[in-house]
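Residue numbers (this note's numbering), protein chains in the order written: chain A, 196 to 462; chain B, 11 to 194; chain C, 2 to 584.
No wet-lab data here; the hints were simulated from the structure. Don't take every hint at face value.
DMTMM-like, lysine to aspartate or glutamate: derived pairs with alpha carbons at most 25 Å apart [claimed, not checked]: (1) A:Lys198 to C:Glu581; (2) C:Lys27 to C:Glu447; (3) A:Lys456 to A:Glu425; (4) A:Lys198 to C:Asp571; (5) C:Lys451 to A:Asp264; (6) C:Lys27 to C:Asp532; (7) A:Lys423 to A:Asp449; (8) C:Lys27 to C:Asp547; (9) A:Lys302 to A:Glu292; (10) C:Lys489 to A:Asp313; (11) A:Lys272 to C:Asp547; (12) A:Lys302 to A:Asp348; (13) C:Lys204 to C:Glu447; (14) A:Lys198 to C:Asp164; (15) A:Lys272 to C:Asp571; (16) C:Lys489 to A:Glu444; (17) C:Lys163 to A:Asp349; (18) C:Lys451 to A:Glu267; (19) C:Lys489 to A:Asp449; (20) A:Lys302 to A:Asp336; (21) A:Lys302 to A:Asp313; (22) A:Lys302 to A:Asp225; (23) C:Lys489 to A:Glu292; (24) C:Lys163 to C:Asp145; (25) C:Lys163 to A:Asp449; (26) A:Lys272 to C:Asp486; (27) C:Lys163 to A:Asp234; (28) A:Lys272 to C:Glu579; (29) A:Lys423 to A:Asp225; (30) A:Lys302 to A:Asp234; (31) A:Lys423 to C:Asp486; (32) A:Lys198 to A:Glu292.
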Amino acid sequence: MGKVFAVIVVAIAAVSTTIFALHLWWPPPDISVHGAGIDHELGQTMIATGVLFVAAQVALALFVWQGSDAREGRTVKRFPGGATPLVAFAVVLVGIEILALTFVGSKVWANIYIAPPDSGALHIDVQAEQFAFYFRHPGADARFGGLHPDLIDDGSGNFFGLDPANDTTARDDIVSSSLVIPVNRPILLTLHAKDVGHSFYVPDLRLQQDFVPGLVIPLHFTATRTGKYEIVCTQLCGLGHHTMRAFLEVMTPDQYDQWLKTQAAQQ
Amino acid sequence: MPSERARTSPVPAQTGVVAGIAAITMTFAAFTSAMVMRKGGASDWAPLHLPPLLFANTAVLVASSGALEVARRRLRRDAPGGSMWLSATLVLGVLFIAGQLAAWRDLAAQGVFLATGPSSAFFYVLTATHAAHVLGGLAALAYLRYRVRRATIAPLGTLGAVATYWHFMDGLWLYLLVILTVFV
Amino acid sequence: MPDTHGAPQGFLRQYVFSLDHKVIGKQYLGLALVAVCTGMVLSWLMRWHLGWPSAAVPGLGAVSPTGAPSGMITPEYYLSLMTMHGTIMVFFVLTTAPFAGFGNFLLPIHVGAEDMAFPRFNMMSFWVTFLAFAVLVSAFFVHDGPPISGWTAYAPLSAVGKDAGPGQGMGQTLWAVSIGLFCVGQLLGALNFIATTLDLRTKGMSLARLPYATWAWFITSVIGLIAFSVLLPACILLILDRVAGTSFFVPAGLVISDRLQPHAGGSPLLWQHLFWFFGHPEVYIAILPGFGIVSHILPAVARKPLLGPKVFIACLVTIGFLSYTVWGHHMFLSGMNPFSATLFSVPTLIITIPATVATLLWIGTLYGSKLRFNTAALFCLGFISVFVSGGLSGFFLAQPSVDVYLHGTYFVVGHFHFVMGVAAMFGIFAATYFWFPKMFGRMMNETLGKWHFILTFIGVYCVFMPMHFLGLAGDVRRYSAFTDDYMKGSLPLHRFITVAALFTGAAQLLFLYNLVRSRFRGPLAPANPWDATSLEWSTASPPPHDNFGGQPPTVFHGPNEYGVAGRSGDYIMQASPEPEPAA
């Protein structure tokens, strides 16, 4: 029985490690400036945990295999050195691992969430609601109109609750159901929620941030590749949670200008 | 033998009360931090004017702790009057609860209810939770008085445990009074 | 001293409102058994829908005509299945069975006492927990259905009432009431565990000689004392927001179902902080008894002492302490101050050290061992394997920068199922196979047990390892279906997982059958079938009403005397007056 167990453990470890190592399921190509840091951390962690995973499962399997030896007269043996080498190993090796990952990782994190956005960043306002995302560009006046929840009327397309009749800054705001941005340009998003908690997740962009009702949360990034990518909601928000998504469209600067002109004409 | 053990090791009732006090402390710590976060996070905090009755109630509760201590001393020395002072503690405790109810009625008469605003919400939640625990203490005191009247030897272990709990209710109320006055 | 009670008469006093910790422990285990079967069936429905979203479940339409009309699982029904699955499993299985169930039965015996310190509180704690379960299950039957906000019940979705959608009416309120009651039940239980461990130890049972499972139950009860005391006020505030018009968790200006909500000033993050301050210690409450159970059983089946027992206890204490410092790692992306993320990630990574040490001590114990491969042993070995797997995936999530990508994906689901749904469950299985003879006086069937183990061990890896792959590919959790183009490519892997889950679920029938059959037809068990050392093996199987037949034992040794020349064999029992052999 012990030998069967040992073989199964080794087999499971081998199959799992192989699948991870072959990247059969892996993040999509990174299209962001900050993403390389995340991918590096992920890769390093994968290697470190992979080594520990294989070592631990193999040690378990080996000792179980040896422990299944049913010969008469065998005496039990104490682990050489007792508990001390194991404690030392855990503290030193895992400790070093932790220090390294924290040191490097905190810089990657700070780059995304603590460093201020580029001063010339393109500001886009994002509203999450049950069950859609809406995006707002400030328009030609480069200013956003005020938001009035009591004026929200999805039926007439006033998702944000703008008051163009009384608020001049609101008149040229461009509202879209896609997040359209130019490539290689710093972007600043401000996230707010209309109703309950939501989250903004673009795997390709290596970016995720919860929407918290009552708060306006900034999020900045720069996209490095054109294309169309999915934005999905990752915070349970009700029965339509699994259908709540939008598209991030990264365009060349010319395409983006063209898009902006067309949108402005339609608003 | 179990009785030998009782002389050398702590009475379980006392351990249980200490653990219970730790738990109750954490509950009020949670309410306190919720209050701090709520007050700091929004601009709709309207200070509350505490009904003056609360201070009279405080005196009643402190007096009840005093009465309990007299009862404890008498019972420990096997002097007469222990049971009577326990009754006094109970009466003062009931008076405290009645006083708290009256204080709530005072506030309600001014139009201040649970949902009126965040400060009143916390006022009612904190005082109600404290009162609920005081009621539990009253039940323990009543049970203790019953045991004392029935027994030839006073149940000193249980007495000590109940006294610890009751004094804690006292101290907890003083803490709440301070934060309600200063913060709410 | 506990209120000593003589053996009760009558069916109600003996089996229903019993003060006897052994009966109460079995009642908790019975409750957990009902809960785990319920929770597992819910998960089968979830997996069915994830694998085949357009396939109807035969017969479900008759059971749930609104939630699953003609057997087609609606999105809200899926989310309510998910919410109830998580709630039932975390609270009524993983907190109840390893801690309240086995702890209640064994702790007084382990310390040499006649019963718990407060038998009436103990009885109350079970019935309050039972009531909590009844209230939770009643949410299935209310008009609007059970809540859909997950076991984490984030505000404002959980706090605004029925405007937020199906299940968020009465169902959510019942959920909050149920969990509040559960807290009360667990707090009463914790008082008992703490007082009994500290005050009722028999002569010679110093703290240093306590069995390792007992240490784990003791530390778990201290963690629970603090954690449940915070969840209870959180539930109270949530209920008030829902029914009394307060705004603890709901800010102003929310428009839900086209209605401007009448709340103002509340903070959704406040709910998250309160919940996770409880929630993270809760997962250690779920796993630490398993640590203790493995450390208790492993020496007996390896026939050698646990390596580094004092170090192991230190690990338990350290984990218990650190568990209170890490809750923010559930909230890295929540919108809280990003500096806090770095702050929380440090203790989160540090807590891997005592967990690693404990795992290495088990593996080190296996070195040079003479293993007896009974089913309890197999589940302990399996525990080690799955805990390694689950623990290591935590390493990724502990780093905020990596969590940016993996948060909210199936990677998280794989991680917590490995450590809770598998490792903690393996602890429960090991405990069952090990202590069934003591509890019921009969042996379980070993052949059925070994098949149960092998099929389950392979099965759980097939179910939960692939979830890490899905997460790496960006597959989002809590989705009722993968429609449109997003992640459609993950469907084959989801189908594989579903098949594995149904297969593994079916394998549990072996366990259920074994339980029932052995209870009535198993061969009679001797007092010490495993040649183990702790006090439960010094008394009959099952123990008499007062545990030791009127003679409280005296303890001469710690629990770790294995692989030594003792009078009865290669071990010395704790209550045996023989001297320890010279080192």
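Results of checking the hints against the structure:
no.: 1; hint: A:Lys198 to C:Glu581; in the structure: violated (34 Å)
no.: 2; hint: C:Lys27 to C:Glu447; in the structure: holds (22 Å)
no.: 3; hint: A:Lys456 to A:Glu425; in the structure: holds (24 Å)
no.: 4; hint: A:Lys198 to C:Asp571; in the structure: holds (24 Å)
no.: 5; hint: C:Lys451 to A:Asp264; in the structure: holds (19 Å)
no.: 6; hint: C:Lys27 to C:Asp532; in the structure: holds (24 Å)
no.: 7; hint: A:Lys423 to A:Asp449; in the structure: holds (16 Å)
no.: 8; hint: C:Lys27 to C:Asp547; in the structure: holds (16 Å)
no.: 9; hint: A:Lys302 to A:Glu292; in the structure: holds (16 Å)
no.: 10; hint: C:Lys489 to A:Asp313; in the structure: violated (36 Å)
no.: 11; hint: A:Lys272 to C:Asp547; in the structure: violated (39 Å)
no.: 12; hint: A:Lys302 to A:Asp348; in the structure: violated (43 Å)
no.: 13; hint: C:Lys204 to C:Glu447; in the structure: violated (36 Å)
no.: 14; hint: A:Lys198 to C:Asp164; in the structure: violated (58 Å)
no.: 15; hint: A:Lys272 to C:Asp571; in the structure: holds (13 Å)
no.: 16; hint: C:Lys489 to A:Glu444; in the structure: holds (20 Å)
no.: 17; hint: C:Lys163 to A:Asp349; in the structure: holds (20 Å)
no.: 18; hint: C:Lys451 to A:Glu267; in the structure: holds (24 Å)
no.: 19; hint: C:Lys489 to A:Asp449; in the structure: violated (33 Å)
no.: 20; hint: A:Lys302 to A:Asp336; in the structure: violated (36 Å)
no.: 21; hint: A:Lys302 to A:Asp313; in the structure: holds (17 Å)
no.: 22; hint: A:Lys302 to A:Asp225; in the structure: holds (18 Å)
no.: 23; hint: C:Lys489 to A:Glu292; in the structure: violated (36 Å)
no.: 24; hint: C:Lys163 to C:Asp145; in the structure: holds (9 Å)
no.: 25; hint: C:Lys163 to A:Asp449; in the structure: violated (47 Å)
no.: 26; hint: A:Lys272 to C:Asp486; in the structure: violated (58 Å)
no.: 27; hint: C:Lys163 to A:Asp234; in the structure: violated (42 Å)
no.: 28; hint: A:Lys272 to C:Glu579; in the structure: holds (23 Å)
no.: 29; hint: A:Lys423 to A:Asp225; in the structure: holds (13 Å)
no.: 30; hint: A:Lys302 to A:Asp234; in the structure: holds (13 Å)
no.: 31; hint: A:Lys423 to C:Asp486; in the structure: holds (12 Å)
no.: 32; hint: A:Lys198 to A:Glu292; in the structure: violated (33 Å)
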